[in-house]
Every structure is written in C-alpha cells, then in structure tokens.
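Put together the whole structure using the sequences plus the hints.
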Amino acid sequence: MSESAKVRIVVADDDRDILDLVVFKLSQAGYEVMGVSDGLAALAAIEAEPPRLAILDVMMPGLSGLDVLRKIRANEAIKGLDIILLTARARDSDVDAGFATGATDYVIKPFSPRELLHRVNALLARGNA
Amino acid sequence: MSVRQLLLIAVTIIGLSMVSSVALIVGAKFRRGRADARSRALLAPYRSSLLALASGEDETGQAKAELSEIPSHTWDRLRPSVIVLLTKVRGAAAEDLSDLLRSHGEVEKATKMLKSRSAVHRARAAYLFGLVRDPITAPLVVPLLSDSNADVRFVATRSLGFIGVPSSAGAILQAIGNSQGRIGVPAWIAAEALLSMGIEIAPALRAGLASNDVAVRNVCAVVAGVGTFSSAAPQLRILMNTERDDDVRVSVAVALGRLGGQLDAAVLATHTGISETAVLRRTCATALGEVGEPESLDVLSGLLGDGDRRLAYLAAESMVRIGIEGIAQLQEVASSTGQDANAARGALDVARLRGQLAGSAGES
Amino acid sequence: MNWTGLLEGVRQVISAIMHLVAIPVLIYFLVINTSLLVLIGLAAAEFSRQRRIEEYAGREETVSSRLALGVSVILPSYNEEAVIVTSVKAMLALHYSLYEIIVVDDGSTDGMFDRLQSAFDLVPIHLEVPSDVPTRGAVVDVHIPKDGRTRLVVVRKENSGKSDAINVGINVAVEPLVVFVDADSILDPDSLVVVTKPFADDPTRVVATGGVIRAANGCKVVDGRLVEVNLAKPWIVRIQVVEYLRAFLFGRMGWSRFGALILISGAFGMVRRDVLVEVGGLNPDSIGEDFELVMRIHRHMLEKGRDYRVQFVAEPVSWTEVPVTAKVLRSQRKRWHRGLWETLWKYRGMMFNPRYGKVGMVAIPYHWVFELMAPLVELVGLILVFLGLPLGVVNLPYALMFMAAAYGYAILVTLLAMAVEELTFHKYTRWRDLGAIILASLLENVGYRQATAWWRLEGWWASLRGKKQVWGTMTRQGFDQDPPIVSAVSADD
Chain A
228 MSESAKVRIV VADDDRDILD LVVFKLSQAG YEVMGVSDGL AALAAIEAEP PRLAILDVMM
288 PGLSGLDVLR KIRANEAIKG LDIILLTARA RDSDVDAGFA TGATDYVIKP FSPRELLHRV
348 NALLARGNA
Chain B
25 MSVRQLLLIA VTIIGLSMVS SVALIVGAKF RRGRADARSR ALLAPYRSSL LALASGEDET
85 GQAKAELSEI PSHTWDRLRP SVIVLLTKVR GAAAEDLSDL LRSHGEVEKA TKMLKSRSAV
145 HRARAAYLFG LVRDPITAPL VVPLLSDSNA DVRFVATRSL GFIGVPSSAG AILQAIGNSQ
205 GRIGVPAWIA AEALLSMGIE IAPALRAGLA SNDVAVRNVC AVVAGVGTFS SAAPQLRILM
265 NTERDDDVRV SVAVALGRLG GQLDAAVLAT HTGISETAVL RRTCATALGE VGEPESLDVL
325 SGLLGDGDRR LAYLAAESMV RIGIEGIAQL QEVASSTGQD ANAARGALDV ARLRGQLAGS
385 AGES
Chain C
28 MNWTGLLEGV RQVISAIMHL VAIPVLIYFL VINTSLLVLI GLAAAEFSRQ RRIEEYAGRE
88 ETVSSRLALG VSVILPSYNE EAVIVTSVKA MLALHYSLYE IIVVDDGSTD GMFDRLQSAF
148 DLVPIHLEVP SDVPTRGAVV DVHIPKDGRT RLVVVRKENS GKSDAINVGI NVAVEPLVVF
208 VDADSILDPD SLVVVTKPFA DDPTRVVATG GVIRAANGCK VVDGRLVEVN LAKPWIVRIQ
268 VVEYLRAFLF GRMGWSRFGA LILISGAFGM VRRDVLVEVG GLNPDSIGED FELVMRIHRH
328 MLEKGRDYRV QFVAEPVSWT EVPVTAKVLR SQRKRWHRGL WETLWKYRGM MFNPRYGKVG
388 MVAIPYHWVF ELMAPLVELV GLILVFLGLP LGVVNLPYAL MFMAAAYGYA ILVTLLAMAV
448 EELTFHKYTR WRDLGAIILA SLLENVGYRQ ATAWWRLEGW WASLRGKKQV WGTMTRQGFD
508 QDPPIVSAVS ADD
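Chains as they are written, first to last, in this note's numbering: chain A, 228 to 356; chain B, 25 to 388; chain C, 28 to 520.
Since the hints were derived computationally from the structure, they do not count as laboratory data. Where a beta carbon is used, it is the ideal one built from N, C-alpha and C, also for glycine. Errors might be hidden in some of the hints.
What the hints assert, rightly or not - Dumping the calculated DSSO-like pairs for lysine-lysine here, alpha-carbon to alpha-carbon at most 27 Å:
#1 53(B) <-> 189(C)
#2 260(C) <-> 247(C)
#3 260(C) <-> 112(B)
#4 173(C) <-> 247(C)
#5 53(B) <-> 454(C)
#6 136(B) <-> 88(B)
#7 88(B) <-> 112(B)
#8 260(C) <-> 354(C)
#9 112(B) <-> 133(B)
#10 331(C) <-> 385(C)
#11 306(A) <-> 454(C)
#12 173(C) <-> 298(A)
#13 247(C) <-> 373(C)
#14 233(A) <-> 298(A)
#15 373(C) <-> 189(C)
#16 373(C) <-> 53(B)
#17 53(B) <-> 88(B)
#18 331(C) <-> 373(C)
Unchecked claim - Only part of the chain B face toward chain A is listed, based on derived beta-carbon distances under 10 Å:
#19 68
#20 71
#21 79
#22 85
#23 89
#24 109
#25 111
#26 112
#27 113
#28 116
#29 144
#30 268
#31 271
So this is what it looks like as structure tokens:
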C-alpha cells in the first residue's frame, strides 16, 4: 500500500462558489480533489480514473447528478462507488428519489462544510475496514 | 415658425439624442468592464482566505484576521461575495462569515440604515440582519413588517425567519393580513419564515387558526401541517367542519393528512362527499392516503367510480399507500370492468413500477 | 397614350390624398414612437426595481421551498425527433422543486417517440385522461419512465394541431400551474422560479404570467442549456434580436406595469390550471392561439368582476431559434399579423367598453390603431412620399419630416431601448456584438421594416380572403450544431 497515494475525490457542481468551497475544504483535509462543473465532465472523470468517492450536485445542466448516479450504478466496474448528493432539493420526495436511485448520502444546501467533511471521512473510513 | 425651422429642430434633437444614446450604451459597457476587471484583480489575493473562512478551515483565525483588516474600499468589493457565500453555507462557516461582516461594522451600518428614507437601504439592512442571524437583532427588524414598502416587508419577514426567534411569530402572522386589497406579506414567505422558527411557535399558530383574517388562518393551517404541529390537530379537526373559506379548508385538509390519526381519517372521509368542491374532495382523498388508516378503504373504493376521474385516480393512489389491504382491494377492482377498474389499473401500474407492490422484485 | 395627361391625373390624385393624410400620418408616427418611449420608460423603472431587490428576493428559498407551487410543463410536439431528447433532459434538470414535464406527441410521423422511449425507458400505463378541457384528437396511449418516479409523462394522440395538443396536456396536468413551452425552446434553469414568483407573491390575484423570450441563434448551447450568449452572424437575425428586445422586453413589460398586458408570447407563458379549465383551454381554431387565450382570460375575469392580474416578468427565461431566411420570416410575420387581426376582430366588443377597464379602453384600441394598422400606414405613407416627391406634390422638407418622424424617431427609441438593456441585463458581453446591435438598429429601417410591413399586410389580406392557414414545418438538425436547415411551407405561397 503506497502511503503517499492520496485518496481521490471527484466533485461536480455548476455553482462556482460551492465548487471552489468543497474542493478547497477537501484538499485542505488531505484529499486529492478534482472539481468539474457539469455532469458530463463528472462522468468522464469518474470513468477514466475511478475515485474513492464522488460528490454530485443534482441540478446541473446536461447530465444531472441523478443521471450520473444512475449511470454509475449501472456500470459493473464502478457501481460500488460511494456517492454523496449535495443539493438544494430538500423535499421528502427528492430525498426519497435520491436514495432510491442509489445515493450513499444526501446533503441539503445550505450545508455545513465541516459536516460534509465528517461525512466524507466516515464513508471512507468504512471502506477501509 | 416655418416648416423648415421645425424640421431643423426636429432633426437636430433626434440626431443629438441618437448620439447620446450610443454614447450612453458605450459608456455603460466601458465602465462596467473596467469595474469588473479592477474588482477581480483587487480580490484575487483574498480569494483563498475567503474560501478558508467559508469552509471553516480557519483554525488559527488567520484568514479572519487578514480579512478583517482589509481597507474599506476593498471590503466594499468583497462584501457581495461574502454575502453570497453566507447564503450557501450554515454552521460554523456561516458564523465565521457573519463575524467577518460584524468586524467591518456592517451591523452598526445596518442598524442606522433601518431608519433610512430610502426603501432600498431599509431592505438591505433587513437583509443583512437575516444573514448575520443574531437573535438580539430581531426586535429591530420586527417594526419593518409594517413598513410602507412591500419589498421591505418581504425582506423583513424572510430575515426574521433566518434569525429564528419564535416570539416574532405573532408579529409575522399579523403582517400577513390584507388591508385595502394590498397584500401585507406574501403567504409563502411568512410560512417559510415560521417554519424555520421551531416548535415554540405552536401557541401563536393556535391563536392564528382562530384569527378573523382568512389569510392568517390559511398560513397557520399550512404551517401546522408542514411543520407537523400535532398540538394544533384538535383545532384543525374542528376547523375542518366549521370553516367557510375554500382555500383554508383545503389547507386544513392537507394539514390533517400530515398530522393524521384515526380521528382525522374519519373527518377527512366525510369531506370527500359529493357536496364538496372538487379541489377539497381531491385533497381529502390524497390526505386519506397519507394518514394511512385501513378504515378509510371503504370510502376510497367508493370513489373509484366517481364522475371526477382525477379524484378516482387519487383515491386509488391512496389505497396503494395504505398498504397490503388497499392493494388487494384494488387488484380485485382492476380485474373487473367499468370505470372503477380504469382508475385501479392506472394506480397499480405506477405502483408496480415504483416497487410498491408486495412480492415485486425490488425497484426497477 | 397621353402620358402627360395620365401623369397629371396621378399627380392630382396623390395631391388630393396628401392633403388629407399629410399631417395625420406625421402625427401617427409621432404618437406611435412616443408611446413606445413611454412603454420603455415604464419598463426601465420596473427593471431597475427588480434588479435592486434581486439580492434579497429569496431566489434560493424558492427553489427548495416546501411550499413551492407545483408546475406542469407542457411540450406540444410534432416531429421534433432531432431536439426532443436534449430538450426534455434539460427541462428535467431545471432549478425547481416541484414540477412535471408532459410531452404531448401530436401524431408525429418521425422517430420522436422512439427516441423518447429509449432515452427515458418509457413504459405504458393505464392512465385515464380526464376531460376537464374539451379536446378533439383522441389520446392513443400514455407512457412514463420505468422507475415510476421521474416526473415525465409522454402522451401520444391523434394529430389535431398544437392548440389541441396543449389542451390534452392541460387535462393530463396535475399541478396547479401550467406552462406551455415549444419543444425547441431552451429554458433558463431558473425559469420556473422566476415565472412562478408572481403567483406565489399574490396567489389570489395573479392568473397568468409571461417571461422574456430571446433569440438563441448563434448562442453556444451544450446539452440543451445555453452556455454563452452570442450574437448570430446573419443581419436578418441581428435585426430580429433588436426587435425582440424592443417589443418583447420593453413593450410587454411596459404594458404589464400599466396593468393591461394582452400579449404573452406563446413560447413561454404560465397560467393557473383552474383558470384554464374555466375558460375552456386554448381555441384550436384560432391562429394567434396564445393571444386569443389571454384575451379570453381578460374578458372572463372582467365579466366576472374578479380582481386579477396578468403579469410580465422581466427576466429572460426562454431562448428560441428565430427565422434565418426571409422565406420563413415571411411565413411567421404573416401568421402573427393574421392572428392579431382575427383575435382583435373576435374581441371587438370589448373595445371602448368601460366594463373592460384598461384592457378595453386603452390596450385594445391601441393595438388596433398602432399594431394592426401600422404596416398599412407605414407603406402608404412611404409610397405617397416617394411618388409625391418626383411629382412635385410633396416638398423636400415634408419628405424629410416624414423620414424623421417615421424612421429617425424609431431609431432613437430603439437605441434608448438598447441603452436600457445594456444598463440592466447586459447579456451581450462582447464589444463586437454591441456594435453590431447598434448597427442593426439602424439597418432595420432600410428594407427590413418595409418588408415585414408588406408581409404583415399579406397575412391580413389572406385572412380577409378567408384562406386556410397551414402550419410551417421546420426540419431541424438539433441544437448543438450550426443553424438548422429550414424549409417552410405555407398554403398561400
């Protein structure tokens, strides 16, 4: 096991502020973060080099977060990827739909960056066991 | 004055105006371009500190200190970004950003602006208080609920919601009322504000349900349901039978659906009757599904053949929601002929796709 | 042939006409352009107000609000296989928390349904379609995505026209607000938030809203979303951009603020479903179907004595491809003017009738005189002046006055409109584009205006002669490429 290999995370959000914020926060925590601003780019990045975790906004132009999620769950090679949905869609039905589509976790905006980091850490720690 | 002179004047005016319009267009664009570029250049060095602060990464307080020290003209340009970020985060990050605003005296400025003659300033001030969310500022914002300007009232309501002090609930409810055909405050923002104040507003809600003002009763019913204020249920049940206003009745029905127990199912069932308005019948039919009492199945299956086909479908949907018994009844109806069967079949199709039917192989 | 005699005769006729209309024509143009100025002024005031409050208007909350009013987005579609999947995908990703998309396939003969089926995993369901609004074409079947949760409904029906398709959509719709969108329109992600806000803020009164439509030509579109606003190259498009800004943006906003908006463009208009059912949906026999609907709503509300409002929202919410060739443009303008005429005629009873308030007393007469008649007055004036000059009937000062009032003033008004646009929205960010727009404002008056005036008269004439209108067909290549190949057919070509 290479101890210098950083854990890779892909973040997708079409809101510049959120993207910069999350990338910054996770980078500071020691992860290798790749930020993209639409679903198509996110899917491409994930398929090219599967990360340990992906954080996806739902309402993005082109492929939405749910679309990307669905495609990942349907792809044998990467279907086990942990995915957190980070979105302003706060209705119960939205949360239901998110989990039903296969999200590992669902974080509602406005969000606490600290809490997001905790969740990321927890998910990744689980995977290491 | 001869036609010639008139012509000359007209042409001159038009010509000059055209030239000045073009100058205006070009000038506006030029100035904006310069301003944008200058802003970006000025703010670039602070971007990472701001991100550190906004993401709660400022353990040492260095970013906060740095940003607190920046000169006021730089701060003027940075302020909008701080405010935007503040709307996207919560928790410690939001507190840090609020502290930053405070350190630049924004709270004092806002307090002064509350009394400004300009409605725009008053609104901006109210907005800022909402972002900073200090409970102490609530009494300062409450008077703006009766401001003469509609936008100011709106922002004040929204901000009080963010500040979240339950004692302002009563004032918000009072502000909703219509006076001379003028909306005090739009119902939706009042409802959202109340919902973010927590359970302590229950007494204000119960008082509001007894208000003379239709709009107030309506908002209280909506909030009671969405926020699941079960202490309001008895009053809502009574209101369901005594209320005259159609919109309020619908809101009460929705609320009962959310809060619902057995008693509520019975009340809702009676209001699916043919003498009620279409909207109310449909709302009650849906609410019965939410309450989920098997006793409601009889009433619901009776609606499957109703002339209002949308009502029939909603009744069928509710039967699915109630559970195994409901599904079984629907399946029986679906295999028969006639209109009932159509509604049943439609609801069952959708339920099957969603994996809600017992024995289906997971969701698709 | 006695040429001098003939010439003298013509000269006398023109002289007589000129005596009659010389001053009125001048006044006509002064009034029409001044009224536009007033409308622009009203609009500018409204824009600056809306921009000021934008900061704290609560846009984010509206997106995730648990109290958001549900919207049914209806897409009447005929043979739109090239764009439909991209369009629906983009619409499923709008920034709004409670809405459904209803695609009504009006008996398409291309692969539109197949594409939808494979893209969204559609399966048929037994959904009864209520008949809240009368419809003609029978529904064939109803499909929804296999997961049972994605809020998309695809209804196939017998071909019976766009208005009837929309009416079927209304029947299928389950949410309280309904919006009609053309399948080839590109919606701004915030469009539903923007256009539902008036309903949320004033739920008892607002019955219909409309947003701004802009030209999508030349803009960069990725996956059905507008990513970059650019000005297209062809001058015919640039001039239309100017027209759209002046008429759609300012004209409509001004009327809305005045309180008598009668034209909400059909490409993006939102109406309460219950009101739609009350008035009986769209009229399948009418040409200007969206205009006719709004007029019907006004009449219905005014007759019932209900306190209501039709509101225009100042933000661009929808982008659409405008005609690129003169042929298609001609078809469009003929159709529009024909629709205007037929609807104004149908509702002539409202004119100058105090019972119908500002709509009857101001808006309708205005549209009769300054919208319907405008092409007639313009062309007649132009012909008279250009015939009169060589014949010596009209002297040069008058001719110049005419040009100044009709064209100079119009250019000024347009430039002011552009100035307001630049100060408020500034969507066209490149210097080159700005320069092109200014130039287009001038060029509009050299040929374009005259041509569209002629075409509008053609449409009016066709209606008077009782000719049947046939819808144009546009063959598309899809969004993300160069301008579509367009061929249009009209019955009276």
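Going through the hints against the structure:
1. 53(B) <-> 189(C): With Cα atoms ~42 Å apart, residue 53(B) and residue 189(C) exceed 27 Å; violated.
2. 260(C) <-> 247(C): Holds - the C-alpha atoms of residue 247(C) and residue 260(C) are around 13 Å apart, at most 27 Å.
3. 260(C) <-> 112(B): It is violated: about 39 Å lies between the C-alpha atoms, which goes past 27 Å.
4. 173(C) <-> 247(C): Violated - the C-alpha atoms of residue 247(C) and residue 173(C) are around 32 Å apart, more than 27 Å.
5. 53(B) <-> 454(C): Roughly 11 Å separates the two Cα atoms, so the pair holds.
6. 136(B) <-> 88(B): Holds, at roughly 25 Å.
7. 88(B) <-> 112(B): Given pair residue 88(B), residue 112(B) holds - Cα atoms ~18 Å apart, limit 27 Å.
8. 260(C) <-> 354(C): Holds, at roughly 18 Å.
9. 112(B) <-> 133(B): holds, 23 Å
10. 331(C) <-> 385(C): It holds: about 16 Å lies between the C-alpha atoms, which stays within 27 Å.
11. 306(A) <-> 454(C): Judged against 27 Å, a Cα distance of about 42 Å means the pair is violated.
12. 173(C) <-> 298(A): holds, 15 Å
13. 247(C) <-> 373(C): violated, 41 Å
14. 233(A) <-> 298(A): holds, 26 Å
15. 373(C) <-> 189(C): Holds - the C-alpha atoms of residue 189(C) and residue 373(C) are around 20 Å apart, at most 27 Å.
16. 373(C) <-> 53(B): violated, 46 Å
17. 53(B) <-> 88(B): Answer violated: residue 53(B) to residue 88(B) is near 35 Å, above 27 Å.
18. 331(C) <-> 373(C): holds, 19 Å
19. 68: violated, 13 Å
20. 71: This interface hint holds because 8 Å falls under the 10 Å limit.
21. 79: Since chain A brings a Cβ to about 4 Å from residue 79(B), closer than 10 Å, the hint holds.
22. 85: Because about 15 Å separates residue 85(B) from the closest Cβ in chain A, which is outside the 10 Å limit, the hint is violated.
23. 89: Not OK, violated: residue 89(B) not within 10 Å of chain A, min 18 Å.
24. 109: holds, 6 Å
25. 111: holds, 7 Å
26. 112: Holds. Min distance 5 Å.
27. 113: Holds: closest Cβ of chain A sits about 6 Å from residue 113(B), inside 10 Å.
28. 116: OK, holds: residue 116(B) within 10 Å of chain A, min 6 Å.
29. 144: It is violated, given that the least Cβ distance between residue 144(B) and chain A is near 25 Å, above 10 Å.
30. 268: violated, 31 Å
31. 271: Because about 22 Å separates residue 271(B) from the closest Cβ in chain A, which is outside the 10 Å limit, the hint is violated.
In terms of the numbered hints stated before, the structure departs from hints 1, 3, 4, 11, 13, 16, 17, 19, 22, 23, 29, 30 and 31, listed from lowest to highest.
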